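Student: Protein chains in written order, with the working numbering: chain A, 1 to 337; chain B, 338 to 769; chain C, 770 to 1144.
Note that these hints are calculated values from the structure, not bench results.
A few of these clues could be false.
To list a few chain A residues with every Cβ distance to chain B over 10 angstroms, as calculated [claimed, not checked]:
| # | residue |
| --- | --- |
| 1 | Thr7 |
| 2 | Leu21 |
| 3 | Leu27 |
| 4 | Leu100 |
| 5 | Leu104 |
| 6 | Val107 |
| 7 | Thr133 |
| 8 | Ala199 |
| 9 | Phe204 |
| 10 | Leu225 |
| 11 | Pro283 |
| 12 | Arg323 |
Taking CB as the label site, the calculated pair distances span [unchecked claim]:
| # | chain 1 | residue 1 | chain 2 | residue 2 | range |
| --- | --- | --- | --- | --- | --- |
| 13 | A | Met19 | B | Gln540 | 33 to 41 angstroms |
| 14 | C | Gly953 | B | Glu706 | 38 to 46 angstroms |
| 15 | C | Asp1006 | B | Gly592 | 57 to 65 angstroms |
| 16 | B | Asp618 | A | Ala103 | 33 to 41 angstroms |
| 17 | B | Glu488 | A | Asp31 | 52 to 60 angstroms |
| 18 | B | Asp618 | C | Trp887 | 57 to 65 angstroms |
| 19 | C | Leu888 | A | Asp31 | 39 to 47 angstroms |
What you are looking at is a predicted structure, and each value in this text was computed from that prediction instead of being measured.
Ideal Cβ placement from N, Cα and C applies to all residues, glycine included.
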Amino acid sequence: MQSILRTKSARIGATVAAMVLLVAIVLYLGDAKGFGAVQYVQLVLDGIRGGSIYALIALGFVVVFNVTGIINFAQGGFVMSGAMLAVAFNNLALPLPPALKLALAVVFGVVGTTIVGALMERLTIFPARHSHTLTLIIITVGVYIFMQGMALLIWGANAYSLPAFSSLALEDQILRSGGIMLKAQSLWIWATLAVVLVALYFFFERTLLGKALRACAINRRAAELMGINPSRMSLLSFAMAAALGAIGGVVLSPATRPIYDMGLKLGLKGFIAAIMGGMVSSPGAVVGGILLGVLENVAAGVTRAGFKDIFAFVILILILLFRPQGIIGGGERGVEQ
Amino acid sequence: MKKRAFALLTMITLLALLVGGCGTPVPPPEPTTPPPPEATTPPEATTPPEPVIGTAYKLGFFSSITGPTSSLGVPERNTAEMIAAQIEEAGGVTGPDGVIHPVDFIIYDDESNPEVAATVASRLIEEDEVDAIVGGSGSGPSLAVVPLMQEAEIPYVSMASSRAIILNPETGESYKWAFKTPQENFHSGGWQAAYVEAMGWDQVCVIYSNDGYGQDCLAQTTAAMEEKGIEVSYSDSFEPTDTEFPQIASVVASGCDALVIGAVPPGAALVTVAAREGAPDLPVVLGHGVCNATMISAAGAAAEGTVFPCGKLMYADGLPDDDPQKALLLKYREDYMAFTGEGPEGLSTFGGHGWDGVMWVLEAMGSLEDGLDLTARRAAIRDYIETQITNWPGTGGVFNVTPEDHLGLTYEALGFVKVENGTWVYFPPEEW
Amino acid sequence: MQREGWRRHQISIGIGVFAIVIFLLGWLEMAQPMGFEFSDVTGGIVSFDTLVRVGLLTIVVVGLNMLMGHAGQISLGQAGFYAIGAYVSAIMTTRAANRGINVLFPGVIREEWWWWPWLMILAGMVITGGIAYLIGRPVLRLKGHYLAMGTLGVGLIIFVLFREGGTFTGASDGVGSVPRLCIGSFEMWPRERYYFLVWAVALAVMWLSLNIVNSRVGRGLRAIEGSELAAQTMGVDIEKFKLQVFVLSTVYASIAGSLYAHYQTLVNPTPFGFVGSLDLVIMAALGGLASIWGAPFGVGIVYVIKEVLRARLQTLLRGAGGEHEIVIFGLLLVLIMIFMPQGLSYAAGKAFGWLRNLSRREGKTEIDRLTEKAT
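All chains should be modelled from the sequences, with the hints used to inform the complete structure.
Tutor: Structure below.
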């Protein structure tokens, strides 16, 4: 199979053919369920919303991997931490107008988690920085377990809630048009993603610190020789990943019910999205995340929701087999142990 | 060099923890024949001025304190600890001969995992040597331990709802040593079908959680609906950790008249919210697992107007005064809130299931003659539960345990409620 | 290269000594001399049930150690293959009866016969190996993190399929009433007998793996693990080796799964998800990836930690429950991986010199070299 796909045009042709086939299958299955255009649009919209969160989480994975070569399994924990801290702050009885309190809660969630991420790096990654990559991965797993356990201890097994950003209440404002509904929170999520992407662009392209981070990602040794401190870069990358994860968690919270174990699934999906971006490319991760969200949601909608995870992983495996450098492609880097 | 030293240190610490278990005098779970001195004189001292204190009984308890079903397991564990504190204050259970036996509660977490449940159950049976076991918040862990209980011949009361826990599906006979306290899902399904029929709908959709409870709900609801000639036009599952609900699109497309949700909160709340958003005019009917404050707080306004069968614990205030359960329900609510320091939002029927189970065992223990050995005690407790729990008002209903029915509840154990203004309102069939 | 004198049989001696220890522990539980039983050895902390479970997972983790430590391939989906073995055994010894297996081989094979479950264990091995072979060919072409993700995906797909299997796999409730294993009329129960069975298999598997690792095949594996490119240059057929080790590790997992099914008598999808696979990797790493001896260590230490927490936490912290166990477990995991990254078998080897020679006999692997640099 690989030999056939060697020519670029053949590859493009195969990809297009696969996509057409996929769309045909989806339409066929959806038709069997009596779907109209409304359902498809709805599924895609909801998928983009979920996918945006995956994208934010994936960015966190990419930043850490690029700079340190570690897959940070605690990324899901950052998402959960951001959400729970924001909820905890918001539930305090403070004499503040609800809008201000919510804004402060968001800030508290993100800043608090960033601190957690930095602490994690200093306390657990830094001492083991010369260890084998697998060891470091398992350390991040241990940190995730610890974080989930602490969340369970502090906040119990209850589901909490954060008010929707638009309505400042549990019920969100919903925009309806012709049978399609859009939650106002979705707009917040997309706006946040856009702002984050722009901010990251400026950071990496225009600031010295950002460029130093990129240098470290490209070649750690060379960066060190240039006077960049790799361990500080590692710290920075973890702090950034924590912030990104927390932002994702906070902006998602009003649309779901934050609970102590929400991080595992989201972290996994974000990881898949990062892989779809070849693990090294930020735009790839974003595209991967949104694509994953849409594909997963549509597939689950036209078949059975129980199989949703399977679709995510089948997509993953197909990508790994046929396009391991990711959708947008960042080259094969640092993959061999 | 430092690393190796630390490595050795950690190993030594771990070993010390292990060995420390042997050496350090640890307060009972393993008491010897002279009873522990903390048993105080009970207020209702009988005619002999110095009440005789007998050997301590041991009650094993496990629930899902962590894991996906922890919202069931935590109230159950809290209830068990509450009762343990009450018994400790009273000194113990009093036997028919006036001998007071302190009761040790040994509580474990099954982590919502059947494998761990089997491990802790084995531990309770063999290492801790308990007289009876109350445990299992979910059907999976409960089903996993039933064979162990049968083999070890120890009475077991489950707090999970699957019928297969007490009834062998192949032979149709009750398992000798297994009992349970929660109402059946098919009672719940019966109520749902009755309501749907009364409203004149003939097509429903079912969305259920992807676990034992949800799947059982699907089976029971479908069976109940079909019995009344109502079609289940679409059914699909969801994961409690989901954030998107593409199932709603299919629900809308199928054109059903109502949505039945088989899950516990917070999952059930998420689906309800999604349903209200995606299909705002579709009526929502749920099962008896959502009858707790978590549902209301997680679903918010989306819960308004939803209907479901519910154990009487949650609307005890609204019961008529001559209801046999009312007094004990109110007392349980008061005690639970005092013990945990939480408000009414901490109450749930799950805690009630735990209360029923533990009280059965305690009552059985209270009937034991002094001086019986472990095997005899276990057998006697089992016999008591099977024969003496008759017309027994509990939180779940009025129980009538028989050799054929190790649950002993009927349709009437549940009532039907509607959510109005953020609370449950009793919604009897007359008002449908 | 032949070793001299007793060192030629070092593997067998090591296994033999270990076997004696296992036997003694089991005998303690069975014979209970002077009322002293196994749990008294640890003051009631570690139960006999735990020992059996340690044995079961040792079988799986030995395979994982071979795959990860010696062939350098990560597998985050091993629990899926564990599941296949468990479900095949469970379904074929229970539901198959209802599906009319009799019809297939009328009068010749009947599922009531005592050797049917054993045959099904074999069937499970074949099925699992077959699936692993089919999946392994494309997936093992991936490397590093990609391979990790690929195997994770495979494991999860298997898990979801079992969970969504409807009445065939019992969905979330699983398959129950799995019968106990017997040989003729000798039942592999009570627990002590099953313990011996499980550990006999575990020891056999360890012995086999130790021999593989020290043979030509093993050297080929180590070459791959060092550098695939270099190995290929030397004429080592990487694809074949990797696939063989992968399939073997899944066959081990399948045996363990079947034994698990007959032990638990209920097979439920819960232990086979992502967390299950992760647990296995953690156990492998804690024990020491490059060491077959590390497998029982790693599994044992995880179980012991959990048991200790379960038994003693109540006395250390009033009102502590499962929540505290999770936190402490995570903390311990992090600490152990920071300070003892080569795993406990290596640390134990340092403390007990001759054990270290044994693990060293398996050859220094890349991991050893890399982690040694840190100390």
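Student: It remains to establish, for every hint, whether it holds in the given structure.
Tutor: Evaluated hints:
no.	hint	verdict
1	Thr7	holds, 38 angstroms
2	Leu21	holds, 21 angstroms
3	Leu27	holds, 13 angstroms
4	Leu100	holds, 22 angstroms
5	Leu104	holds, 22 angstroms
6	Val107	holds, 23 angstroms
7	Thr133	holds, 19 angstroms
8	Ala199	holds, 24 angstroms
9	Phe204	holds, 29 angstroms
10	Leu225	holds, 28 angstroms
11	Pro283	holds, 23 angstroms
12	Arg323	holds, 25 angstroms
13	A:Met19 with B:Gln540: 33 to 41 angstroms	holds, 36 angstroms
14	C:Gly953 with B:Glu706: 38 to 46 angstroms	holds, 44 angstroms
15	C:Asp1006 with B:Gly592: 57 to 65 angstroms	holds, 60 angstroms
16	B:Asp618 with A:Ala103: 33 to 41 angstroms	holds, 35 angstroms
17	B:Glu488 with A:Asp31: 52 to 60 angstroms	holds, 53 angstroms
18	B:Asp618 with C:Trp887: 57 to 65 angstroms	holds, 59 angstroms
19	C:Leu888 with A:Asp31: 39 to 47 angstroms	holds, 46 angstroms
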